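These protein sequences, in sequence, are chains A and B.
Each residue of the first sequence is one higher than the one before, counting from 1 in the working numbering.
Each residue of the second sequence is one higher than the one before, counting from 1 in the working numbering.
In case anyone wonders, no lab produced these hints; they're calculated from the structure.
Model, not experiment: these values are computed from the prediction.
Wrong hints could be hidden among the right ones.
Here are some of the chain B residues that sit facing chain A, going by a computed Cβ distance under 7 Å [stated by the list, open to error]: (1) N135; (2) S191; (3) F196; (4) D201; (5) S203; (6) T206; (7) A217; (8) F242; (9) E245; (10) A254.
Virtual Cβ for every residue (Gly too), placed ideally from N, Cα, C.
There are 2 protein chains.
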Amino acid sequence: MKIGIIGLGLIGGSIAKALRKSHEISAFDINKEALTFAIENNIIDKAYFDLEAFLNNNNLIYLCLYPESIVSFFKENSRLIKKDTIFIEISGIKTKLIQDIRKLNLNYIDIVYTHPIAGREVSGVFFADEKIFFNGNYAIINDQNTKTENLELAYSLAKEMGFKNISKINAKLHDQIIAYTSQLTHIISLSLVNSFSNSVDLSHFTGDSYRDLTRIANININLWADLFTNNKNALIDIIANFENELSKFKNALATNNLEELETLMEKAKNKHNKYLEGNKNES
Amino acid sequence: MKIGIIGLGLIGGSIAKALRKSHEISAFDINKEALTFAIENNIIDKAYFDLEAFLNNNNLIYLCLYPESIVSFFKENSRLIKKDTIFIEISGIKTKLIQDIRKLNLNYIDIVYTHPIAGREVSGVFFADEKIFFNGNYAIINDQNTKTENLELAYSLAKEMGFKNISKINAKLHDQIIAYTSQLTHIISLSLVNSFSNSVDLSHFTGDSYRDLTRIANININLWADLFTNNKNALIDIIANFENELSKFKNALATNNLEELETLMEKAKNKHNKYLEGNKNES
Numbered sequence: 001m002k003i004g005i006i007g008l009g010l011i012g013g014s015i016a017k018a019l020r021k022s023h024e025i026s027a028f029d030i031n032k033e034a035l036t037f038a039i040e041n042n043i044i045d046k047a048y049f050d051l052e053a054f055l056n057n058n059n060l061i062y063l064c065l066y067p068e069s070i071v072s073f074f075k076e077n078s079r080l081i082k083k084d085t086i087f088i089e090i091s092g093i094k095t096k097l098i099q100d101i102r103k104l105n106l107n108y109i110d111i112v113y114t115h116p117i118a119g120r121e122v123s124g125v126f127f128a129d130e131k132i133f134f135n136g137n138y139a140i141i142n143d144q145n146t147k148t149e150n151l152e153l154a155y156s157l158a159k160e161m162g163f164k165n166i167s168k169i170n171a172k173l174h175d176q177i178i179a180y181t182s183q184l185t186h187i188i189s190l191s192l193v194n195s196f197s198n199s200v201d202l203s204h205f206t207g208d209s210y211r212d213l214t215r216i217a218n219i220n221i222n223l224w225a226d227l228f229t230n231n232k233n234a235l236i237d238i239i240a241n242f243e244n245e246l247s248k249f250k251n252a253l254a255t256n257n258l259e260e261l262e263t264l265m266e267k268a269k270n271k272h273n274k275y276l277e278g279n280k281n282e283s
Numbered sequence: 001m002k003i004g005i006i007g008l009g010l011i012g013g014s015i016a017k018a019l020r021k022s023h024e025i026s027a028f029d030i031n032k033e034a035l036t037f038a039i040e041n042n043i044i045d046k047a048y049f050d051l052e053a054f055l056n057n058n059n060l061i062y063l064c065l066y067p068e069s070i071v072s073f074f075k076e077n078s079r080l081i082k083k084d085t086i087f088i089e090i091s092g093i094k095t096k097l098i099q100d101i102r103k104l105n106l107n108y109i110d111i112v113y114t115h116p117i118a119g120r121e122v123s124g125v126f127f128a129d130e131k132i133f134f135n136g137n138y139a140i141i142n143d144q145n146t147k148t149e150n151l152e153l154a155y156s157l158a159k160e161m162g163f164k165n166i167s168k169i170n171a172k173l174h175d176q177i178i179a180y181t182s183q184l185t186h187i188i189s190l191s192l193v194n195s196f197s198n199s200v201d202l203s204h205f206t207g208d209s210y211r212d213l214t215r216i217a218n219i220n221i222n223l224w225a226d227l228f229t230n231n232k233n234a235l236i237d238i239i240a241n242f243e244n245e246l247s248k249f250k251n252a253l254a255t256n257n258l259e260e261l262e263t264l265m266e267k268a269k270n271k272h273n274k275y276l277e278g279n280k281n282e283s
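Only chain A is shown next, with the shape it has when bound in the complex (with noise of 0.2 Å):
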């Protein structure tokens, strides 16, 4: 097949690499030197430095960019998209995004809401890399509006790129569940490097387990704040599903409650051992 790809970064670059064996991969980038990097480490077919000759030249079409800039896209160049193109979206949030399309009545393309939960700690196509979505999981929202057939062809190309577990999923649920295992996770690094003020040198003092708690607190600024504006409300709330839980390990310790303590780690212990079994269950 041939298959475009707008925003060439650090996804947009590794979907080229996973899909280039069996298809022909053209990409748009507004960022020239992303394009040209792409050319000359032969990681796309082809480079379209102009997005109407690319919109005409491709039906299946990746498009790799932030939330926000999304919905821009479709405002600003609506009427240059080919009837019947299908778009592959790949961003991290959901339910707005959905919304804010639907005001736009693009009903003459077919737009597919997918989700590859993969990332890394750097971004652009400079970093690009297939092996990040080897096993990984991949969610596609299985939304009214998209027809069937292109939801089983994000299916079918998420299974070409290596992915594990491929779920349909709604919209609402997907942003509740990534509001957790992503956003908050990312909220609860920064706020853990934020929250000591002593000089010392913390790199003296460390483990893995304060390695592994900051490691993504090394954090692409304008992709998170997107991200957590763009999912607030399921973020907000468990955010304070948090809160309560830390207060509970918090007041357990003020009032001296072992039992209590133990309880609430035998609590996370064996659900987490639960995940770590569905996570075998599956390899």
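On the provided structure of chain A, position chain B as indicated by the hints.
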């Protein structure tokens, strides 16, 4: 040297493996299975099933017990301990431990309070591995009652074990830092696991961030309940700091304050990059 180890678990066993290249290692444990395993697997030179004989034959002893057990060990066995025996203690908290031990008036022995900042999500001598120390951090408490020559002895043995940064520090500051880098991180991980109650199979929707933040939720409950409660005041203080930083994020989201949100992210990212630089400069 002849070196004894009391408490042959993950850390005691790893110390044995690390030091056995140049020293003769014997061990005592109330768990006979651990001793038998260590002999059969060539981890120690000699196993003692009798504490009195062990104490009579060792002048330098790594005491690898949980904090609560250290105090009761000295209470119950002080009459068996030879004059001038040197103990190197390796637990994760110090202020309360040193206070409790001081009350016992053990003036005929010397105790070096140290903390190898290393561990794994598993316990027991069966998982002993000296590699958990390589390039790691080690803290030695410069307690006024410990002889300088024994602080130096603990220092040079930590070097032999492969630790990279060996710091001398006072007990109070050690406990404040560890409350942050080690104990808070574990409580965060446990609280994170406890804060989602939907029955969906999470293993289909998680990426590296969730896996990193929850790895340590597979916790050794007895050990950590002991560590938490023995460092209760420092831990409650740092939980409160963390709650405060977390609420800044929540408030910035709730009030749509994008500027504040980005400022908080920027602050964390910069702090974390300084921490990473600190690590790099020493490797």
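Each hint, compared with the structure:
The criterion of a C-beta within 7 Å of any C-beta in chain A is not met by B:N135, whose closest approach is roughly 11 Å, and the hint is violated. Because the beta carbon of B:S191 sits about 4 Å from the nearest beta carbon in chain A, less than 7 Å, this interface hint is met. For B:F196, the interface hint holds, the least distance from its beta-carbon to any beta-carbon of chain A being 5 Å, beneath 7 Å. Proximity of B:D201 to chain A holds as hinted, the smallest CB-CB distance being about 5 Å (cut-off 7 Å).
Taking 7 Å as the C-beta contact cut-off toward chain A, the hint placing B:S203 at the interface holds, the least distance being around 4 Å. The beta carbon of B:T206 comes within 5 Å of a beta carbon in chain A, closer than 7 Å, and the hint placing it at the interface holds. A distance limit of 7 Å between C-beta atoms decides the matter here; for B:A217 the minimum to chain A is near 4 Å, and the interface restraint holds. Look at B:F242: its Cβ gets to within about 4 Å of chain A, closer than 7 Å, so that hint holds up.
For B:E245, the interface hint holds, since its Cβ comes within 7 Å of a Cβ in chain A; the closest pair sits about 4 Å apart. At about 6 Å, the closest approach between the beta carbon of B:A254 and any beta carbon in chain A falls short of 7 Å, and the interface hint on this residue holds.
Checked against the numbered hints given earlier, this structure breaks only hint 1.
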